[in-house]
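**Student:** Protein chains in written order, with full-length UniProt numbering: chain A, 1 to 336; chain B, 1 to 336; chain C, 1 to 336; chain D, 1 to 336.
FYI, nobody ran anything at the bench for these hints, they're computed from the structure.
The C-beta atom is built at its ideal place from N, Cα and C for all residues, glycine as well.
Please note that the accuracy of each hint is not assured.
As the list claims (entries may be wrong) - Computed spacing ranges between beta-carbons, pair by pair:
1. K16/D <-> E145/C: 24 to 30 Å
2. L30/D <-> G43/A: 19 to 25 Å
3. K13/C <-> D320/D: 19 to 25 Å
Claimed, not checked - Below are the EDC-like pairs computed for lysine to aspartate or glutamate, each with C-alpha atoms no more than 16 Å apart in a straight line:
4. K6/A <-> E67/D
5. K70/B <-> E215/B
6. K304/C <-> E47/D
There are 4 protein chains.
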Amino acid sequence: MIIVLKKDAEEAKVEKLKENLVNRGLKLHLSQGEDTTIIGLVGDTTEIEPEQLQAFDVVETVKRIKEPYKKANRSMHPQDSVIDICGKKLGGNHFQVIAGPCSVETREQMVEVAEDVKASGAGLLRGGAFKPRTSPYSFQGLGSEGLKLLLEAKKATGLPIVTEIMSAAHLDLFDDVDVIQVGARNMQNFELLKELGKINKPILLKRGMSSTIDELLMSAEYIMAGGNEQVILCERGIRTFETSMRNTLDISAVPMLKSKTHLPVIVDPSHAAGIRFMVEPLTMAAIAAGADGVMIEVHNNPEKALCDGMQSLTPQAFDDVMKKVKKTTEFFGKVM
Amino acid sequence: MIIVLKKDAEEAKVEKLKENLVNRGLKLHLSQGEDTTIIGLVGDTTEIEPEQLQAFDVVETVKRIKEPYKKANRSMHPQDSVIDICGKKLGGNHFQVIAGPCSVETREQMVEVAEDVKASGAGLLRGGAFKPRTSPYSFQGLGSEGLKLLLEAKKATGLPIVTEIMSAAHLDLFDDVDVIQVGARNMQNFELLKELGKINKPILLKRGMSSTIDELLMSAEYIMAGGNEQVILCERGIRTFETSMRNTLDISAVPMLKSKTHLPVIVDPSHAAGIRFMVEPLTMAAIAAGADGVMIEVHNNPEKALCDGMQSLTPQAFDDVMKKVKKTTEFFGKVM
Amino acid sequence: MIIVLKKDAEEAKVEKLKENLVNRGLKLHLSQGEDTTIIGLVGDTTEIEPEQLQAFDVVETVKRIKEPYKKANRSMHPQDSVIDICGKKLGGNHFQVIAGPCSVETREQMVEVAEDVKASGAGLLRGGAFKPRTSPYSFQGLGSEGLKLLLEAKKATGLPIVTEIMSAAHLDLFDDVDVIQVGARNMQNFELLKELGKINKPILLKRGMSSTIDELLMSAEYIMAGGNEQVILCERGIRTFETSMRNTLDISAVPMLKSKTHLPVIVDPSHAAGIRFMVEPLTMAAIAAGADGVMIEVHNNPEKALCDGMQSLTPQAFDDVMKKVKKTTEFFGKVM
Amino acid sequence: MIIVLKKDAEEAKVEKLKENLVNRGLKLHLSQGEDTTIIGLVGDTTEIEPEQLQAFDVVETVKRIKEPYKKANRSMHPQDSVIDICGKKLGGNHFQVIAGPCSVETREQMVEVAEDVKASGAGLLRGGAFKPRTSPYSFQGLGSEGLKLLLEAKKATGLPIVTEIMSAAHLDLFDDVDVIQVGARNMQNFELLKELGKINKPILLKRGMSSTIDELLMSAEYIMAGGNEQVILCERGIRTFETSMRNTLDISAVPMLKSKTHLPVIVDPSHAAGIRFMVEPLTMAAIAAGADGVMIEVHNNPEKALCDGMQSLTPQAFDDVMKKVKKTTEFFGKVM
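One chain only, chain A, in its complex shape (with noise of 0.2 Å):
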């Protein structure tokens, strides 16, 4: 951490800054300007936040240089790390695709779509039991029982199932759940967050609809800190000015993330674009791009879906993009 002091900072005042530094057991190095002085911090800093020793009077600016994150930085673990669910990999080479409808509703819809899902090569399958609905007036999920169709439909395809938490009170009924999804909005819900690090199970981060990539990464490491290491991070769109797509897919965050992050990163294209016909390109580019995944939502009947219907694909649908995803990441490199 470098501070750059003011021009004109009173000498007195410098001392009062050194000694709250050296108090926090840190080094000073100090390089003397024409007209500016730095001091360089040695030690440490990933307690102290930029922030607080802004409020120094004397003090121009202050710069990070190392990142805030320790676990999930690729420095400190150059290999790419590979979660294993219920055998199936992820990361490293390992691609998976994760397909399921955006809502659980019935019986008959969480079975059918697994099957289909997995006919065509899906290896995970998602659905969402408790949904986070900007209204309160929209159906918001049907929450335990939702839970109980999603394993019913498990056990009829041997798909393991990811599905999102969206309070820490509900951790008791995720026991048989094999990856937990904790969704944009609660990207910072850190006691959240902190009740996950305790768990040994993978945990599906999406960031955040306005989040920088290294508060993702901070969030990442909330978890990690807590003991659980095994997180999968999600690009989903961010909220930009443009209007015509839902959110703005922010593809250089793939290479991005992973130069930074030995964590595997995937794409939720549907989420991203909100609408179907664009779920295609945005997979090959997820791809193509490095992704070591994608999350694709496929409703039996989107018409009749209890929410997000436009950007579902058929079953049908999502056959022809698993033909060209099953070439695609071959090509690149990446086993599915």
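Model the placement of chains B, C and D on the given structure of chain A, informed by the hints.
**Tutor:** Quick look at chains B, C and D alone, frame taken from chain A:
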């Protein structure tokens, strides 16, 4: 709600759509143009999401006419809501200043700051006991111990207290808190909002960093739909491309919210700017734009603050701002 | 275009509005609902702006149904446009790589880079002679001297050249340029666009840093309305809150643009990312998403580049990328 | 400027970098930490761009300490600049209201509006003759004919006129214009800025829709570097994700700009909001935040306005706002 059909919409599919709509208890009103057909929906469309209808192949676009919030809607409640906090009024022509440190640190700090801000004219005391921090390695707040210190400061000064909740699991600890704050990161923590809807206590709901005005109102609606109508909205800056300030204060949100809802609207200039010298001009702008209150960070020793020191005012600086706040609110016809 | 009237719209004022609309040569189609009245406009609404109609007190909201662009609209021209540049085709299934330095610096540099990129398989040569720089104190480009050096490189290699224009006043100097580029900052320099509409030469139109997809198409329409229909669109990254990359590449813009327009769409991964290591994955993503070409910065000595060195590839690195580009375009059914 | 080297930077490459820096006439100041080495650059770094230095492999990051603008910098010119427009002062404690229609339409309209706004207390008259329109099919303004009508309105009322230029090629037509406006879309039309730097006339420079505060100051610097130091900056709303207003007024830009530059700063509440009812509260907020003026759209018949009718005030509504403007500027210590 208006549905515009595609130019070449197949008759049979349009019938299927109409049937679906009628089954939802809606009356349809058709309008056949040269190359567009429009279906107007008559009835309660609050529970319908445009995305659901767009799943139908024949639908070109869906436009909501009425806002999806009811209880928060000014059209349902033309007079300004006035919230009573231990006898202090907020809303209508009543203006309140909420002041105090970012985080509760020690008994001395809290009591000292509380006495100072009271002497300067603040009506409520703020202080964070549970702190949402981007990094798991940053100071996380004193938790329940912090709540006790806040209550001691309340006892010493008589100022009602405002403090943030991060999980519904902590709700029991908030029994003696006067106003419960929901932070920007939890604005769409719907499980928390639902729980807050069940209690009888004012809720200070901060706008999410990248939440639209309508999403803020929908989150207020979550609380109100549960039965708790004492919601205070807070604009605290949104995330944009501009990097010279911490956030971009959306001052237009004040008159826009006041036209859409009867709920009181306050502004947090400290978090919006993130820089001390901007607190005063942004406070003045908030009053001028019609806000019902402001929330200002004050610390007796900003350089030793455990968080956000760079935006905290000293008690002396706060006192100077308050002298102007008193004159300015009076000029704009508000009562403090 | 659809006009929704306010619930309590005064009869006389509605008549005034209707009169205004009829005087514009439009037919009106009324639809009276329970609490909303809708006026559908039949006829050419291209010249009407929603804002104009919203000036009427009785109007609640105005919604455009048809896109306001005509010549760029795919519905008017279902086949992909293919642009011919000195015999090289771009668009349809023809993919082109445009490569070269950010700015033209010396004869040696230009000829050397041109020979290198040609050897690696680039189809067109780029290089900036007039440079739009944020600071007046930065290198502003060699101007007309730079254009001469570009033409020498063209002579030496046979590669058609692409270079940016910054003012219609310079148009005479661009007689021998093969493709004229309009930079992001000039995407809405309408006076320039009008002049480019009068010539007969391909125009490479870059999307503005914060322009919507529809605004990009409207700018293309400015050129096309003047008679020059040879427009190539270029996605080069948009401005968002994310700071770890220079810009956020909006990869979804590729399939979205291709659904809305027949014009070819290329991607500039160098400017989007602003960092060397991301050029290759973003190039792959662009191909996978359906782009018709890419524009890549190559410099024979990036450390001595007078601008944008940090995103320029060396000729060797470019050659590696091109080997993958050839295989990948072939895999996705494109011809180079 | 500070350069942070990579941890494992190769000695020989570091030497190459140092040589490059010394050749630019800079003195280097090294600071060797445990795992980071920092090079501080002493001398004039205005012409150096961080991107250039980041092209060097050994560079981890580059941080500018001093702002890259000189003439606009308050540190070079601590007193507020006051611009004199035909004897009317703008800046320092002088507040001006610029009012008039979005576009010049007829002689009657211009003279009528001019007389009205003068009677209400406006100091300058605005009106667009050359209009930047998103669509080539929208009304493009009356051009030179419009300028004549503006001059007639000036003759009739004595109000100095402010009008927008869209191309340096039109400069001759602006001889009798008192203040030349550069619109948001042309804020980085550098060729135009350079030409405006050569004349001796106040320039009203509007902030680009997604330009940072520093970019605005760099564009002002373009004009000032040419010799014309009469630049008035205008905040007119930025583009964000929020859709309930046309733009998001960045009110914080007012105090932030005033801390960075000595140039006067005005606000355009009409374009920022795009909705009539918000013009008054945003005008009040602008005054309270310290703006030196506002620019308000007034039309004698908004429903017949050829553009932007929905945000124009009638002369009566403007008169009401002006009564409050007079009292409020006085309250905040400004002179009109």
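**Student:** So, for every hint listed, does it hold in this structure?
**Tutor:** Hint-by-hint comparison with the structure:
Between K16/D and E145/C the Cβ separation comes to about 28 Å, which falls inside the hinted range of 24 to 30 Å. Between L30/D and G43/A the Cβ separation comes to about 20 Å, which falls inside the hinted range of 19 to 25 Å. Restraint check, K13/C to D320/D: a C-beta distance of roughly 21 Å satisfies the suggested window 19 to 25 Å. Between K6/A and E67/D, the direct Cα distance comes to roughly 13 Å. Compliance with the 16 Å bound is thereby established for this hinted pair.
Simply put, K70/B and E215/B have alpha-carbon atoms about 13 Å apart, close enough for the 16 Å limit, and the pair holds. Restraint check: the Cα-Cα separation between K304/C and E47/D comes to about 15 Å, which is no more than 16 Å; the hinted pair holds.
The structure agrees with every numbered hint stated previously.
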